[in-house]
Structures are given as structure tokens and as C-alpha cells.
Amino acid sequence: MDNLNAGSRPTEIESSGRVPSSEGTTRQGLSAQDHGSLVYSMPPRGCSIKTDGSDSERVAESLQKILVAQNRLEQIRLNLEQVDRIGLACRTVAGLIESVTRYLEHSLDLLAVRIRLVEGLEIADVLQRSAPYFGGIISCDQCGFEGDSPFFISSQSLDNLRGFFNDEAENVGSAVVAHLVHNTRPLGVVCLGSGDPLRYANAKNTVLIQGLADKISLALANALDHETASRAPLLSEVEGVYSEHFFREYLHKEFNRSWRSHKVFTLMAVAWTKNSRTAAVTDDLINLFQRNLRSADLTARGETVQLWVLLPETESAEAGKIAERLLSIAGDAFPDTMVNIGMTQFSRTATVMPVLLKRAKEALDEAVQNRVGILTKISDVANA
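Count along the sequence shown from 1, then add 4; that gives the number in the numbering used here.
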């Protein structure tokens, strides 16, 4: 027996149950508590046991992946409350989308987060007016609403990724897309893109991801309500045309700015009457004017006139050419409608803003009375 174990050094099992291996690594042994004071010897000379560390490495790697996945799910769980806070604080659709996107990219360590809204919806139209970087419009077919659960996209499906992430698609290793739905109505999708190909490699643990999407859906509906309510007093029933209340506030600011900068602007008062009993043309005529005005010009429905038009940084001579063009296109489109325009240019002799409104209204009244298309009423000291 002594000869059998010659040259070997017995090793006693430690309380941890780990036994040093012949290759310098450690193997899981039997605990001393279970087996008393058993002593293991090294194998006889000439007889070796090959220890392969690949199995333990694979186990450790699998455990690490499980821990990372659990940690990421816990991150989503912890962030649900913060998404609620962001939703309550944001008052515009574009502002909400930007805030949520930035927050999720940072807190979840994601390459890209994108929110896409279904084209044709009111909320999508509101978003388009803001032209945001983080949000966008998508067709209902692209959203994949035939399934209720989030769906996963790998880097192999580059065309699908481009539909959700645009230029970032080539850098996305894996992604998950969750539906945004409010009161059973589809709003769009939220897309979470990771540079890790394995992060969203399977369709497990979708409950928290859909929970995050539900929070975002509620926040979007809330932001739309706030934005619609805040815009309602500003806009008339014609898209892009403001109410007189908002117009007066805006004109007051423009008036003060011109006083400080000595820059001029022109104010138009517009009215029209039909010479026949055909259907009213009010909305169509306003839309026609809108299409033929500059992007910086502001239009508003009036209480004392049918339409106000503000032409920033425009002298009366240039404004006169614009007015002539409006009369010409209106005459071509609605030959049985008489359009009159009264104008006034900003003047420092008008010490308060209502004076300008009065001058424009007086010019319009004279144009209607004298049956002339355009009449301008400006102080003799226009640029004093």
C-alpha cells in the first residue's frame, strides 16, 4: 500500500468541499461534513485524470447570462414608476417621446429607443407638426398588430430593423418591439434596440416589456389631451388659422419687438361677400389664402373682420403685392365672391397695439364702402 501511494501527497478535503486539481484549477468535491474525515490521494504514478474546465466555464457563463437577464428585467421593473413620472410631467407628444427615449436609452443601456405612431391618427398628426428626431410615423401593417405580445427581431432581419430604427438599424444586434395601445385602440409601437445580439434573442419575459409599453401608451394619451386642450383656444376650426384671442397676444409681442428693433410689419384685415346664393366659401377661401402666404405669415379668424393676416418684417409696398396676388387667385377660384383688404404698416406714431387694429379695420371698411379691392391706411410719419 505504501508503494502504491509512493510519491503522492494526500490532500484533506476542506470544509468548502473544493479539492485542488492537478491542473491548478478547482473541482467541486464532497463536503467533509457529509463524509467525515475521508482523505483523497492523488492518482498513482503513470495514471492521470484529465480535468476539463470547459464544463464549469459553460455553467459559469450560463449563470452569468441568467443574472444579467434578471438584472435587466429588474431595471425595467424599477423604471416603470419613473416613466409614470415623465408621463405626468410632459404636456406635449413630442416632448414626452423625447424624454422617454432619452431616459430609457440611458437607464436600460440601450443603443436606440424609438417610438413610432400609426399614420392617420390624430396623435401622429400632432407629432408630425413637431418634426421630432426620436419619434416617427409607421403604417399599421408594419406594427404587426396581429399578435398581442412583444415580438423580437435579430440582426439578421435588417430590413425589419430599418423599418423601426432607420439609420441605427445596422448597429442593432437584437431588438424587441412592443405595441402601444390605449382603450383597445392601437397607437403605435415602442422599439428597444440593443447592440448585444443575445439581449433580445428569444421571446421570454415579455410581460414587463409590455407593461413598459402600456405605461408609455397611457402617457401618450395624457400628453395628447394636454396638447389638444392647450391648442383649442388658439386655433379656429380651420387648420393652421388662429383664434383672435391668440392673435391679439401675438400681435402685442410683435408690436413691442418692432418698437425696440425699428423693424416694420404689415397688418391686413380681410373680408369677402358672395354675389350669388351658392354655398359658402369661407373655409375654402381661407385655405386658398393659407397656401399662397409665406410660412412666416400668421392668419387668424376675426371677430370684427373675417380674417386677420400678419406679415412680419414686411413694408406696405411689398404687402401690397401680396394682397394683389391674393385678390387675383381668389377671383380666379371664386369669381362670384368679392374680396376686400385693408392694410396698415407698423408706425411708431401708433403708441399702442389697438391703434394698428383700428387702422386696418378702418382701411377695410373704406375698401368695402368704395368697392375697391385694396386700401392702405398709414400715418404720414410711417417710420418715425
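Please keep in mind that the hints were generated in silico from the structure rather than gathered at the bench.
All residues carry an ideal CB built from backbone N, CA and C; glycine is no exception.
Each hint should be verified, as a subset may be incorrect.
FRET-style restraints, in silico, Cβ to Cβ [said to hold, decoys possible]: (1) Y137 to S332: 39 to 49 Å; (2) T188 to S58: 25 to 35 Å; (3) K257 to L202: 48 to 58 Å; (4) H256 to G335: 42 to 52 Å.
List of simulated lysine-lysine pairs, DSSO-like, C-alpha gap at most 30 Å [claimed, not checked]: (5) K219 to K362; (6) K267 to K278; (7) K267 to K325; (8) K325 to K278; (9) K365 to K278; (10) K267 to K362; (11) K219 to K325; (12) K365 to K257; (13) K219 to K267; (14) K278 to K219; (15) K325 to K362; (16) K325 to K257.
Status of each hint after checking the structure:
| no. | hint | result |
| --- | --- | --- |
| 1 | Y137 to S332: 39 to 49 Å | 40 Å, holds |
| 2 | T188 to S58: 25 to 35 Å | 52 Å, violated |
| 3 | K257 to L202: 48 to 58 Å | 55 Å, holds |
| 4 | H256 to G335: 42 to 52 Å | 34 Å, violated |
| 5 | K219 to K362 | 51 Å, violated |
| 6 | K267 to K278 | 37 Å, violated |
| 7 | K267 to K325 | 19 Å, holds |
| 8 | K325 to K278 | 24 Å, holds |
| 9 | K365 to K278 | 20 Å, holds |
| 10 | K267 to K362 | 20 Å, holds |
| 11 | K219 to K325 | 53 Å, violated |
| 12 | K365 to K257 | 20 Å, holds |
| 13 | K219 to K267 | 48 Å, violated |
| 14 | K278 to K219 | 53 Å, violated |
| 15 | K325 to K362 | 22 Å, holds |
| 16 | K325 to K257 | 25 Å, holds |
Of the hints listed earlier, those the structure fails to meet are numbers 2, 4, 5, 6, 11, 13 and 14, in rising order.
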